[in-house]
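Enquirer: Residue strings, one per chain:
Protein chains: 2
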Amino acid sequence: MRNIKIIIEYDGTNYSGWQRQNNVMTIQEKIESAIEELTGEKTQITGSSRTDAGVHAKGYTGNFYTNSKIVIEKFTGAINSKLPRDIVILQSFEVPYEFHSRYNSMGKMYSYTIINRRQAVAVGRDYIYHHKQILDVEAMQIGAQYFMGTHDFSAFKNLGSSAKTSVRTISRLDIVKNEEIIKIYIAADGFLYNMVRIIVGALIRVGEGKIKPSEIKDIIESKQRSKAGKSVPANGLCLEEVFY
Amino acid sequence: MRNIKIIIEYDGTNYSGWQRQNNVMTIQEKIESAIEELTGEKTQITGSSRTDAGVHAKGYTGNFYTNSKIVIEKFTGAINSKLPRDIVILQSFEVPYEFHSRYNSMGKMYSYTIINRRQAVAVGRDYIYHHKQILDVEAMQIGAQYFMGTHDFSAFKNLGSSAKTSVRTISRLDIVKNEEIIKIYIAADGFLYNMVRIIVGALIRVGEGKIKPSEIKDIIESKQRSKAGKSVPANGLCLEEVFY
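Sequences listed follow chains A and B, in order.
Counting from 1, one number per residue, gives the positions in the first sequence under full-length UniProt numbering.
Counting from 1, one number per residue, gives the positions in the second sequence under full-length UniProt numbering.
A few of these clues could be false.
All copies of an identical chain are treated as equivalent in the list; a pair is satisfied when it fits inside any one copy or across any two copies.
Straight-line alpha carbon distances no greater than 20 Å define the calculated EDC-like cross-link-like pairs of lysine to aspartate or glutamate that follow [to be verified]:
no., residue 1, residue 2
1, 210, 73
2, 30, 41
3, 58, 126
4, 42, 86
5, 5, 98
6, 132, 86
7, 183, 152
Don't read these hints as lab results, they were simulated from the structure.
Chain A extracted, bound-state conformation (with noise of 0.2 Å):
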């Protein structure tokens, strides 16, 4: 048996989201049924997470496992050719036997955009959130600080989040600005659920000015997730890499 790691992109405007279930499209039944028709067998793929509906990725990670003959090389091209447009494989990997997309994970990236301005966009609305009220993002940054380095993320953490601890650590936290547009960029070692969406939801309230950039601090510690305050569409989200 071959083991093959493959990189993804997908727009998942159209899908509810990575994971197999029943009586939704979502992007894990499209690309095993795209596999099963390439290869004939019947296959699985192991997903380094799930993603929600209308999250996009430009860097999702899956593995699977395959009897097929047809020489690496050729699996990325003969995979996107029973794909539709909104899912691509970037690129193909025969891996160690071993290897599991989601347990050998050390980290992810997601980006988070914003358009900040008073009329809604046409041109990338299914890739970009509009937020109306002016953000002061000097002060999204300095509040960005505080989510830095390891702590109990239990405030940014919605029900439905399997995991054992809700420790994690930030590693990168970036805000930037492009005149109307505001890129977030943020890694870590691992994330909770929804936990990047609720994350921006409060950097978007110090940007409102509705709390200081120091209150972050005491929403990390008070582990409550009613302190964090709402969450952003998943529109605006991409997950843009997962590490090895």
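Based on these hints, arrange chain B on the given structure of chain A.
Expert: This is chain B only, laid out in the frame that chain A set:
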């Protein structure tokens, strides 16, 4: 009668271009219908130019006459409330009666976005042209210099151009590479039919090494459309701004 100038952003994916035509959906028609619904008046918008099917805009400009008493500050939001998500009015201004979006335009800036890698693109695929063969961006930047300034661009117009002269002045042609994305910005006092897409097509041939950068000069001087080669698809093109 009041003359209202509007700045418009639209995602051209699902439209047969700007200009009203029978039996197909156009952006002009959508906005005219929205204004009519709002004011109760039959409305005709004067647009700054046509755009082809699938071309986008972040700064299209139009104007229309109305007897409506709606204060100018409310116009933008009021029209937007009647529009689909892929068309957004960004700003509205009350302008002198004589103002004409096309005749008074001093020039325009377009962008063209390419993703240059082996595999197709999922995230943003409606706004990005995928080009497989790796491009020499430095050669393209040298080639771009030959377009700068005032020339007869007959070699870079398709049939359907009703312009009296093919002489235009290009004031900016920047090619910016950021990882896999190549973005081309081009500004001129005016553009002939399909001019940007034919110019980008010629620059891609330079990037592929099929023609030398200096051959751009020969193509311009030939004034023959056949020398300029294939144009690029509509989806990478975006009208960024109209200058007045």
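Enquirer: Against each hint, give a clear statement of whether it holds in the structure.
Expert: Hint by hint, here is what the structure shows:
Taking the shortest alpha-carbon separations for residue 210 and residue 73, neither the intra-copy value of 53 Å nor the inter-copy value of 27 Å comes in at or below 20 Å. For a Cα distance limit of 20 Å, the shortest separation of residue 30 from residue 41 inside one copy, 14 Å, qualifies, whereas the shortest one across copies, 49 Å, does not. Proximity of residue 58 to residue 126 under the C-alpha cut-off of 20 Å is found in both arrangements, the shortest distances being 15 Å within a copy and 16 Å between copies. Proximity of residue 42 to residue 86 under the C-alpha cut-off of 20 Å is found in neither arrangement, the shortest distances being 23 Å within a copy and 40 Å between copies.
Within a single copy, residue 5 and residue 98 get their C-alpha atoms as close as 11 Å, which meets the 20 Å cut-off; across copies the closest is 64 Å, which misses it. In this homomeric assembly, residue 132 and residue 86 come within 20 Å of each other (Cα to Cα) only across copies, at 17 Å, whereas the closest approach inside a single copy is 29 Å. Taking the shortest Cα distances, residue 183 and residue 152 never come within 20 Å of each other, neither inside one copy (25 Å) nor across copies (42 Å).
Taken one by one, the earlier hints fail for this structure at numbers 1, 4 and 7, listed in ascending order.
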